Amino acid sequence: MAVTPEDIARLAGLARIQLSEQECRDLAPEIDVILESMAKVGEVAGDDVALTTHAVPRTNVFRADEVRPSLTPEQALSGAPAAEDNRFRVPAILSED
Amino acid sequence: MLITKSAAELGRLIAAREASSVEVTTAFLDRIDELNPTLNAFLHVDREGALAAARAIDERIAAGEQMGPLAGVPIGVKDNFCTVDMPTTCGSRMLEGWVPPYDSTVVRRLREAGLVIVGKTNMDEFAMGSSTETSAFGPSRNPWDTDRIPGGSGGGSSAAVAAHLVPLALGSDTGGSIRQPAAVTGTVGIKPTYGGVSRYGVVAMASSLDQPGPCARTVTDAALLHEVIAGHDDMDATSLDLDHSGLVDAAATDDLTGLRVGIVDEFRGEGYDEGVMARFDEAVRRLEALGAEVVTISCPAFTYALPAYYLIQPAELSSNLARFDGMRYGLRAGDDGTRSAEEVMSLSREAGFGKEAKRRIIIGTYALSAGYADQYYGQAQKVRTLIIEDFRAAFERCDVLVSPTTPTTAFRIGERVADPMAMYMADLCTIPSNLAGNASASFPIGLSDDGLPVGLQVIAPTMEDTRLYRVGGALERDLEAEWGGSLLDRAPEAKGE
Amino acid sequence: MSDVDFDTVLEKYEPAIGLEVHVELNTATKMFCGCANEFGSEPNTNTCPVCLGLPGSLPSINGRAVESAIRLGLALNCDIAQWCRMARKNYFYPDMTKNFQTSQYDEPIAFDGWVELDVDGETYRVEIERAHMEEDAGKSVHAGTSGRIHDASYSLMDYNRAGVPLIEIVTRPITGAGEKAPAVARAYVAHLRELVKALDISDARMEQGSLRCDANVSIAPLGAAGLGTRTETKNVNSLRSVERAVRYEIVRQAEVLESGQPVVQETRHFHESTGTTSSGRPKSDADDYRYFAEPDLLPIAPSREWVEELRATLPEPPAQRRARLQTDWGFSDIDFLGIVSAGALGLVEETVAAGATPATARKWWVSELSRRANESGVELDELAITPAQVAAVQALVDQGIVNDKLARQVIDGVLAGEGEPAEVVERRGLVVVSDTGALSAAVDEAIAANPGVADKIRDGKVQAAGALIGQVMKAMKGQADAAKVRELILEKLAG
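Line by line, the protein sequences are chains A, B and C.
Number 96 in full-length UniProt numbering belongs to position 96 of the first sequence; there are no gaps in the numbering.
Number 193 in full-length UniProt numbering belongs to position 193 of the second sequence; there are no gaps in the numbering.
Number 90 in full-length UniProt numbering belongs to position 90 of the third sequence; there are no gaps in the numbering.
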């Protein structure tokens, strides 16, 4: 099953990256090759194999509910492309949550 | 010459006030000024800040304060470690000029131990690559041959250490980003056990695989740095509470009697340079001569490590890199007052990320997307389990595993840029330890027929990092006795522009 | 839409309601960092690298939040997971600093629970599918002509709320409630609110957003197998709105179906002012959230010992508590139900604890104060009067300092922020006059002005005294002791 430029466009939408049609056409075969070689993972592991999501075999690592110092608003906003009234200024948000 | 001395020696001289940190730091800064235009190992050098830190250390030592063994010693920090006083770009346009409002835990520990941070080293963009060629600020060059890559992603750190721009550097290893650069530059690189060194403040590529670690010219220097940066950090939930005090002592080993060494059967044969295999076989014989028992061990699941890695790593990074959207920090593109936040996010990510970053974000998005997650991401996580089981079985029969660090010596700049699969092969041998989280290292073992360095990968079980230093220390002592000095002494004299 | 429509709809359709309630926890710090969890701070003062999602930062789990989630799970009769993980829910939105929400996916901390609700004397059982932990998002202010999102020329982001711990409680579809469906939905949210307050894990203030409700509504023809297409009405943020929104959606969907159209699966917005919902975003590709286990956080595996320890800290179950209070207070079923449906149970309990009798506490909360809450469109417990103050008002009545009528004015004063009841009495000069000298003149005037009435009383028609008492009260601006006045009238007109 080949990855098409349309697939790439859909994925780019999910990943919020503005790709041109040309970029989608270029990326499709490249990603197809990579995914095809990665499909090998399906060969080995059967249903009886558990998934490993963490390399550290520990559980219940919790923090005490104690307040620690926050950044100052100046520090928090120090990298902001735009700020106003101690808030991050961003372009108008169109879609809803 | 100060710059050729080991970090351990420099630390001793500074503590004994036979040399000042300012003198030492100045020597390295001058060397950087001379060679960095050629090597592009540093993206940012903070001469004033480094000298101020060096002066402060000199004053404290003059006042009689007892400081650690690396106090006053200069160090280079990979550009994905947050530093409050220097930009942290991760080799990306996305973060060009961004100065974080906080220090990573590791950087804080460096400062507390009195190390002098001279600057930030180049890297593949967001650590995605094996050559530094994906850096938005141009590739670093290998001091052994400046037409070749210094490895990646931490090629800036390895080039800087190999060319004596700094005695020590920090790296981060997700699939081999410390070890492969070490192998191709003739330096020492350690990937500690996952959780051994805090990831807090290290800009994440793949969270379950990333592990910061030391880059050095000698095994003892790596151990000294490892002891400074390791230890539990409650800002990193995956951080382990381990005793790291025995690393430097382990590096002093010269006898490997009784050590059981396993050769990974899967990591040789087709695709491995003859010269690489020749040095590898010699190194194994050398370990035997030092008293080790050598067996060959098959780890069949390792064959699937590369495909599993290239699903898990893009999946995690596609999520980790989502935050770079031009809203709160970093590059914002296309905000002309008419576009929505959504459009500006898309345009910023298009403008800020390079091609490899986009490629991996798309692959990761695909691997996690509805309908494919089980087939790709889920299967890859199962392979991970099989690899852990292979390691467990192998470590019942041996104490450490060995393989070449990377199948070839340093390739030419540009050679693999158009072929991502060929680039990914550079990490073939190093990936299993990231998937399983165990400790692993690369030590220099000589030059291939092409005159370029070859590295030996040593793999230890989880939390047994001392074994790496034991093997590395004994091997280094034995090799240097034969060579009459460091491998790096044989590198061509680096020239400025 | 009228009630007639609603009843007609229910002759043909069966509604199914699913409720998703988000509860903000009252922990001292946020879910994954040590920033203060505070409402109303100056913008971006409670932020750090973690909740700002700065590159390199890592989360660490607030143990207290896990404890709260387990306690709530137990109180909802849920099973507690032996082992579960946090997960990343990936989608882009400027109020989310990492562009993923750290939440739980297929391994919630609590699952398979139930609650029982009394609605108009009938018991409804609501099945809980799951309760899971997650983090809240930041807040945006939309700058521009109207302050509305669509007209904004830019937005300003404050991340103080980003990372505040949330528990999301999801019900299974509630079916079989018929015309009671809106009331059951309301009663469920009211029950949760009471529960989280009793557990002391949340302020549960709907008007501040610390308890928020999304209502899934679908309808299907009576007797049909399966559920109809559902809509999700977001941010229904008062108890009254829950009931109205559900009711509105049931009728709206029936109208759509009756006109031969299908119901569109979409999110909808509730409008407080009109009681209507409007179309939001359709279900789309953007809902591919690419969940995966959060690699930066290790699994949570509550030991059974810990779970049992937490179970021992649970407050009395609501049904048991209700039974106990009804017996203690000696109310009839009808009177007691009045308290429960008014949402006044805890308030009456606290008022009794502060010294009022159950009957007087009930009288103030269920009749007087409920009416005022209704008039101002707020919840009973959001009124600016505490149970202790209500008890103090009643004490003033008992001591004869004020009468019932004056007591209402005292309450007015307290609600208006004029201070404690005694202070209001003082400031407004609301003391009852029972001094014979002061009353006598007013009584004489009333008798003189109403000779006919006076004659009747002289003739023995004692009940006619009421008219004269009214006159005196009017003249004394309500501040007369009515019993004393009556006594004086009868005395003066005694034959």
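Derived by calculation from the structure, the hints in this document are not laboratory data.
Careful, some of the hints might be misleading.
[What the hints assert, rightly or not] Dumping the calculated BS3-like pairs for lysine-lysine here, alpha-carbon to alpha-carbon at most 30 Å: (1) K405(C) <-> K283(C); (2) K197(C) <-> K358(B); (3) K358(B) <-> K89(C); (4) K180(C) <-> K197(C); (5) K40(A) <-> K5(B); (6) K492(C) <-> K355(B).
[What the hints assert, rightly or not] If you anchor each label on the Cβ, the simulated ranges turn out as follows: (7) E66(A) <-> E420(C): 53 to 61 Å; (8) R68(A) <-> E18(B): 39 to 47 Å; (9) A351(B) <-> A416(C): 24 to 32 Å; (10) A481(B) <-> T72(A): 33 to 41 Å; (11) D106(C) <-> R260(B): 54 to 62 Å; (12) R304(C) <-> A351(B): 52 to 60 Å; (13) D85(A) <-> R111(B): 29 to 37 Å; (14) A351(B) <-> R68(A): 33 to 41 Å.
The structure presented is a predicted model; accordingly, all values stated were derived computationally and were not measured.
We put the CB at the ideal spot given by N, CA and C, even for glycine.
Structure-based check of each hint:
1. K405(C) <-> K283(C): Roughly 56 Å separates the two Cα atoms, so the pair is violated.
2. K197(C) <-> K358(B): Violated, at roughly 48 Å.
3. K358(B) <-> K89(C): holds, 20 Å
4. K180(C) <-> K197(C): Measuring from Cα to Cα gives roughly 25 Å; hence the hint holds.
5. K40(A) <-> K5(B): Cα-Cα ~48 Å, so violated.
6. K492(C) <-> K355(B): violated, 104 Å
7. E66(A) <-> E420(C): 53 to 61 Å: violated, 36 Å
8. R68(A) <-> E18(B): 39 to 47 Å: holds, 42 Å
9. A351(B) <-> A416(C): 24 to 32 Å: For A416(C) against A351(B), whose Cβ atoms are near 58 Å apart, the range 24 to 32 Å is violated.
10. A481(B) <-> T72(A): 33 to 41 Å: Taking Cβ atoms as reference, A481(B) and T72(A) lie about 57 Å apart, which means the hint is violated.
11. D106(C) <-> R260(B): 54 to 62 Å: violated, 42 Å
12. R304(C) <-> A351(B): 52 to 60 Å: holds, 53 Å
13. D85(A) <-> R111(B): 29 to 37 Å: Holds: the Cβ-Cβ distance is about 34 Å, inside 29 to 37 Å.
14. A351(B) <-> R68(A): 33 to 41 Å: holds, 36 Å
Hints 1, 2, 5, 6, 7, 9, 10 and 11 from the earlier list are contradicted by this structure; the remaining hints agree with it.
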